[in-house]
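There are 4 protein chains.
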Amino acid sequence: MKNTFGHDLAVTLFGESHGPAVGAVLDGLAPGIAVDESLIESRLALRRPFGTISTARREPDDFQIVSGVYEGYTTGTPLCILIPNADVQSGDYAKNRTLARPGHADYAAYCKYHGYEDYRGGGHFSGRLTAALVAAGAIVISALSKKGVLIGTHIKSCGGVADRAFADIPADIAELNGKRFAVLDEEKGALMRHAIEEAAADGDSVGGVLETAVYGLPAGVGEPWFDTVEGMLAHALFSIPAVKGVQFGAGFDMADSRGSLFNDSFFMEEGQVKTASNNNGGVNGGLTNGMPLLFRCAVKPTPSIAKKQSTVDFIHGKEATISLNGRHDPAIVHRARVVVDSITGLVMGDLLTGCFGSDYLGGD
Amino acid sequence: MKNTFGHDLAVTLFGESHGPAVGAVLDGLAPGIAVDESLIESRLALRRPFGTISTARREPDDFQIVSGVYEGYTTGTPLCILIPNADVQSGDYAKNRTLARPGHADYAAYCKYHGYEDYRGGGHFSGRLTAALVAAGAIVISALSKKGVLIGTHIKSCGGVADRAFADIPADIAELNGKRFAVLDEEKGALMRHAIEEAAADGDSVGGVLETAVYGLPAGVGEPWFDTVEGMLAHALFSIPAVKGVQFGAGFDMADSRGSLFNDSFFMEEGQVKTASNNNGGVNGGLTNGMPLLFRCAVKPTPSIAKKQSTVDFIHGKEATISLNGRHDPAIVHRARVVVDSITGLVMGDLLTGCFGSDYLGGD
Amino acid sequence: MKNTFGHDLAVTLFGESHGPAVGAVLDGLAPGIAVDESLIESRLALRRPFGTISTARREPDDFQIVSGVYEGYTTGTPLCILIPNADVQSGDYAKNRTLARPGHADYAAYCKYHGYEDYRGGGHFSGRLTAALVAAGAIVISALSKKGVLIGTHIKSCGGVADRAFADIPADIAELNGKRFAVLDEEKGALMRHAIEEAAADGDSVGGVLETAVYGLPAGVGEPWFDTVEGMLAHALFSIPAVKGVQFGAGFDMADSRGSLFNDSFFMEEGQVKTASNNNGGVNGGLTNGMPLLFRCAVKPTPSIAKKQSTVDFIHGKEATISLNGRHDPAIVHRARVVVDSITGLVMGDLLTGCFGSDYLGGD
Amino acid sequence: MKNTFGHDLAVTLFGESHGPAVGAVLDGLAPGIAVDESLIESRLALRRPFGTISTARREPDDFQIVSGVYEGYTTGTPLCILIPNADVQSGDYAKNRTLARPGHADYAAYCKYHGYEDYRGGGHFSGRLTAALVAAGAIVISALSKKGVLIGTHIKSCGGVADRAFADIPADIAELNGKRFAVLDEEKGALMRHAIEEAAADGDSVGGVLETAVYGLPAGVGEPWFDTVEGMLAHALFSIPAVKGVQFGAGFDMADSRGSLFNDSFFMEEGQVKTASNNNGGVNGGLTNGMPLLFRCAVKPTPSIAKKQSTVDFIHGKEATISLNGRHDPAIVHRARVVVDSITGLVMGDLLTGCFGSDYLGGD
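Chains as they are written, first to last, in numbering that gives the first Met the number 0: chain A, 0 to 363; chain B, 0 to 363; chain C, 0 to 363; chain D, 0 to 363.
Pulled out of the complex, with its shape left as it was, chain A reads as follows (with noise of 0.2 Å):
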């Protein structure tokens, strides 16, 4: 079951970028969750290119729910979530279509599909389908937030300048879901947006770093062996488009330095276990500890680039060169933060669902 993710609740994901829509099946939602339409369209908002830091290309996202919800609520059943592709214009890729554009999967995906995959626009490899894990997620995120489990992610680094740390989490994560440039420190996202800019007017793009953080879970969520909080969340954003890497708490830098200084101790506060640091992220043995959840993935710079690159003719074997010319992001980080959101809510959402039962994130 390659394209389904989750036990409990579990995510389908279907489409192509210039096929007739992209979409996601969501199964295991209890019953009883309020379907806010134009939460869902906020969201989307979000993940929707914008200014001139991102491609020109501008889908409306109209979605519609296709099952699964009766009257404004979730009916315990498969809700099945579809947007219409409509700004397609598929002639550049039609030119390209024997070259591999690197940084793409291009060339892998002729490995796997022999020729017959949808090559357009990326076809289902297309960050185009984290438009349906954002509606998705929208529905999710949405029910944890009434049992008090709060995501955010802002844009940690991009374009070597870092944004300000966590610091009163549930405020902090108001504050970045308002966001369109989720940075905690506006100053800092105005450099960011300075480097994204520079980039794209060099025919170049840049990466960057998100973190998330998750507050409000209940302790001893998860399992010791393979589900372990960590293990489902990376194996569901490294899906993401660009995500290289994924660690938890104070991740490689734990790596190079000594137990005294990176375990947290813990304490008593107001009758709660708490860590004075939060070096492990929220995280022991695989489990919730109570602390909130912390993690960073590393966004690539996006590989469609304008300069000219080496790559070859994988289909006449031969080398060629390439420059993308169609609508690209000169950077996709501050578009895939709704995204990194997305997927957690959906991660917790299944952990949650199999602690607690199949009704629980129905409850009031």
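Calculated from the structure, these hints are not laboratory results.
All clues given are correct.
For lysine-lysine, the following DSSO-like pairs were computed, each having C-alpha atoms within a straight-line distance of at most 27 Å: (1) B:Lys273 / A:Lys317; (2) A:Lys306 / B:Lys273; (3) A:Lys94 / B:Lys273; (4) C:Lys273 / D:Lys306; (5) D:Lys273 / C:Lys94; (6) D:Lys273 / C:Lys306; (7) D:Lys273 / C:Lys317; (8) C:Lys273 / D:Lys307; (9) A:Lys145 / A:Lys273; (10) D:Lys306 / D:Lys317; (11) C:Lys273 / D:Lys94.
According to the in silico footprint, chain D covers these stretches of chain C (three or more CB under 8 Å from chain D): (12) 226-237; (13) 263-270; (14) 304-312.
If you anchor each label on the Cβ, the simulated ranges turn out as follows: (15) D:Ala164 / C:Phe49: 35 to 41 Å; (16) C:Met267 / A:His113: 37 to 43 Å; (17) A:Asp35 / C:Pro169: 54 to 60 Å; (18) D:Gly71 / A:Gln271: 29 to 35 Å; (19) C:Lys273 / D:Lys306: 17 to 23 Å; (20) D:His193 / C:Leu38: 54 to 60 Å; (21) C:Gly159 / D:Asp184: 27 to 33 Å; (22) C:Glu174 / D:Ala164: 40 to 46 Å; (23) C:Gly114 / A:Asp201: 57 to 63 Å; (24) B:Gly147 / D:His113: 20 to 26 Å; (25) C:Pro169 / D:Gln271: 49 to 55 Å.
Quick caveat: nothing in here was measured; it's all calculated off a predicted structure.
Don't be surprised by glycine CBs; every beta carbon is placed ideally from N, CA and C.
Based on these hints, arrange chains B, C and D on the given structure of chain A.
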């Protein structure tokens, strides 16, 4: 199916550190894979503690294959491998039963299992269970090598010392697989061991980074969503106690750079499509691209340290201090390396079995 | 993953009878399977009501392939097929919303979904969803036939009339697949239709037994535990509303006999191992044995009948009577037949893909 | 995950008849279930051959719980139970290695495993593996009974003799669970045993029908597609060697009748919704409806018989005859009964854990 991982070749893990045994069931193995018990022994030996840089617990790791092998070959039915626990000293653990060891899962496990967990030696959370993964992995790694798929891991960094990069990958893998302390540059290895001993002398511990190469994979293995090569590997790798980050290719370094610098341009070599660099770690769009798979795991410093730490008695809800005077590893990065190899073998075996069918790994 | 079935070729089903559409996602299809839309149409036509022996609801079953097909061939990525609901009359259902129709899921669904279920026309429980299975199955059945695997189902008995047994199976299958009322003996079919019309005239309904043959399977497909050919098929077949029994070969008749009479003795024919009888229905120990697969499904009489029945108002907790005057089928056995074929195709496609790899069904 | 069954409570089965042991891993068990080893022993005793109506192979069924239990309670981590094989005589089997025993899997297994299968005593296909299911099931059945869910099976028919129907189900279940030859009417039981002895005297065997009741399930358990209560149970039940048919409620009898006769009309009793008859076997639309679950399994006559049978030498491709003079059961229906109970318990445990969460079965 929490403690089971894999689709077409699945591993189920069971056991507790101080229970009768740990073990694994491998399901989906092709019939006709030669099972070399001395190879399993030698792989288990790589995981065992040794010298002054490891715990004093010494398990012989006598294993028993309980099913799935007949006359030296896999039968194609589930292979259960059992490793009895021998050198068990539970006294220390009972004394500290109510105290949350910082960086460990004691408190989280208590929240999840409500006090019914077998807490002795970390119970089901213990790194001891990785012995079963190593034994199971040895069989798959051996079958993969007959298909030309080679796996090797080195300690990329530890205690502030960095090993050299992979160069001639097949040769490097062959070299690493014979070493107990797996580095490519022995001088650097000596410095690392010294750093570990220093930490041990301080009652402290160190972490490290492991880097793995998989050579010989065909292009086109993996799925775009959700069972990307990256996602499948990361899911399983995060089960390894102490792994807090996983990145592919240049990983987090890509996030701070530009597309023109990190896109891997393609070229032809002897009729084969190759990339000039390998910043994507052999994966594009979730699929192998024919280049070696390259990834890194961040291993945190062993949380069990002799230094006094602040903590809580989570049963009585009060603060406390703890000093861990049992038999502990000042570093586990060198022992975790063979676990990373094993998990990699299991995941690659699963993906390739899915691609090429249930007899694939058993062919000659 | 409740509404998803299959390992290597999986189908996910969604939709409600009176919602916007029903549909299915097929994941794991090989790339390069020719998709013939007219074939899908003709298979859907076999499921549609017709004549005086079916409901008056007439759905055109216009379907849309939303993803996974490009230029007439499967791409290898998820194929989503959507069938809009057109001829919807929800009035009758709203009137009876609080009454449990005997033999239907209304009350059980209310208990499960707490009143949030879309009850109109049976909602997600409606036989309407089988249209999506038929459309999906058509693609797989077509691919299987190119591998020499043929599937056909006849009405073994209905209204007290029995059809003749399978004889020349490939010829019988070819004949059945052209018929809307699938019997091998047309005279018996006329008697069955007469019995259905009689029941309809009485405001009543009849059931029937479907018998399916699968010809051309290699020996050795399936698993000993739990994914036996029998178990996989039965799991999926029991999803068909009204199926209350599944048996293989001589099934329940074997239970009353002796081993010497029902063991299928082996013999050689043109170098092939065959059995003299086929009481085991082509399955030994959960695996195909090279003989045709033979099984039967018991289809209960349609529970929606015009006759007055005792029931309860489950919302107000009181007794009531109900007469179902909507558009109902006096029998569905003749319509269920193509659903059985379709599910059989999906399950065989899954098992064979697991055996022979992800490209298998797409090969020439 | 072929040899694993279940979503939230999963069982993995391993072992061969003449290998070191058979066993099972139960994953997803709630923490805090009391594990009574004497209960497991008594359930295993019900499966063991006895008297003159069973094979002379006598296994003590000494089992060992290898993991997942601490101080008498489940820990919530995987429970592995191991049952060593003791009374093994492989000689007879080696002699007949190349001959396909009619009704057995030898030939199909050879096709699947290419000769690598452990053929001794049926290997992984042996009914011996059901001992592990019985041991695992005993733990779950015990936990279910504390929730008011009771499971019992009787021999509905054997050798042409029919037992009486279930009447007072809780009382009948209690009575059955104390019997080795589980019938409700002892006189009928004596006749059945006589029929078995007669078949044995003829060098022949008989089959039978098992009927199971599950009492105390809440309404609304199960899924409409594909994980219906019927489908989940049938999937697992068809693993039992010799089960060739599964039907719910009136099953195949419904197929020959009319809706007005077999619809179960609803009524109120003490504020509860009930049905006047139970032809649907407690399931509507795949979900429990609050009435007792009722189903039957067709068990074919034991295929191992002393009578001479025609067969083939499948390795040398020639015809042969075979007489099975080993230790065989003239009937297994009475031994299969506790296996049906056990699988039923495992499936119910899985479905209820999915509904009510991972702690459900462990609550007091």
